Amino acid sequence: MEPPKFVDEIQKKMAELLENSPAKDIERNAKAAFASMLGKLDLVTREEFDVQREVLARAREQLVRLEARIAELEAALAAKSGTNEK
1 MEPPKFVDEI QKKMAELLEN SPAKDIERNA KAAFASMLGK LDLVTREEFD VQREVLARAR
61 EQLVRLEARI AELEAALAAK SGTNEK
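In the UniProt record's numbering, the protein residues as written are 1 to 86.
Just so you know, these hints were derived from the structure itself, not from any lab. Only a predicted model underlies this, so the values are computations on that prediction, with no experimental measurement involved. Take the hints with a grain of salt, since some may be wrong.
Claimed, not checked - Cβ pair distances, simulated, as ranges:
1. A57 with S21: 50 to 60 Å
2. A32 with R58: 51 to 61 Å
3. G39 with L77: 28 to 38 Å
4. L18 with K40: 45 to 55 Å
To be verified - In the DSBU-like style, the derived pairs of lysine-lysine whose C-alpha atoms are separated by at most 35 Å in a straight line are:
5. K31 with K5
6. K13 with K31
7. K12 with K24
8. K24 with K40
9. K13 with K24
10. K24 with K5
11. K13 with K40
Quick reminder that beta carbons are idealized off the backbone N, C-alpha and C, glycines included.
Just need the whole structure built from these sequences, with the hints factored in.
Put into structure tokens, the structure is as follows:
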């Protein structure tokens, strides 16, 4: 046998042995368990996450505007109440 073919044969035999080894079974079982655990998680895609982040940012901006408006109205009401009491 030529050296390259000999090396190829050894590689093929090693791959076959590893495919049928208990270590490969453990790897397959671990991958399956991990995939199962990930499947049970309530995950969102990056796109969904980005959309929700934008929605939240707009909601925060609106909240700041509304809080400022409430403060203005309360100040106006307090000023009006103060002038009516005199």
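Right, here's what the structure says about each hint:
no. : hint                     : verdict
1   : A57 with S21: 50 to 60 Å : 52 Å, holds
2   : A32 with R58: 51 to 61 Å : 42 Å, violated
3   : G39 with L77: 28 to 38 Å : 56 Å, violated
4   : L18 with K40: 45 to 55 Å : 30 Å, violated
5   : K31 with K5              : 33 Å, holds
6   : K13 with K31             : 24 Å, holds
7   : K12 with K24             : 16 Å, holds
8   : K24 with K40             : 24 Å, holds
9   : K13 with K24             : 15 Å, holds
10  : K24 with K5              : 26 Å, holds
11  : K13 with K40             : 38 Å, violated
In this structure, the earlier hints numbered 2, 3, 4 and 11 are contradicted, and the remaining ones agree with it.
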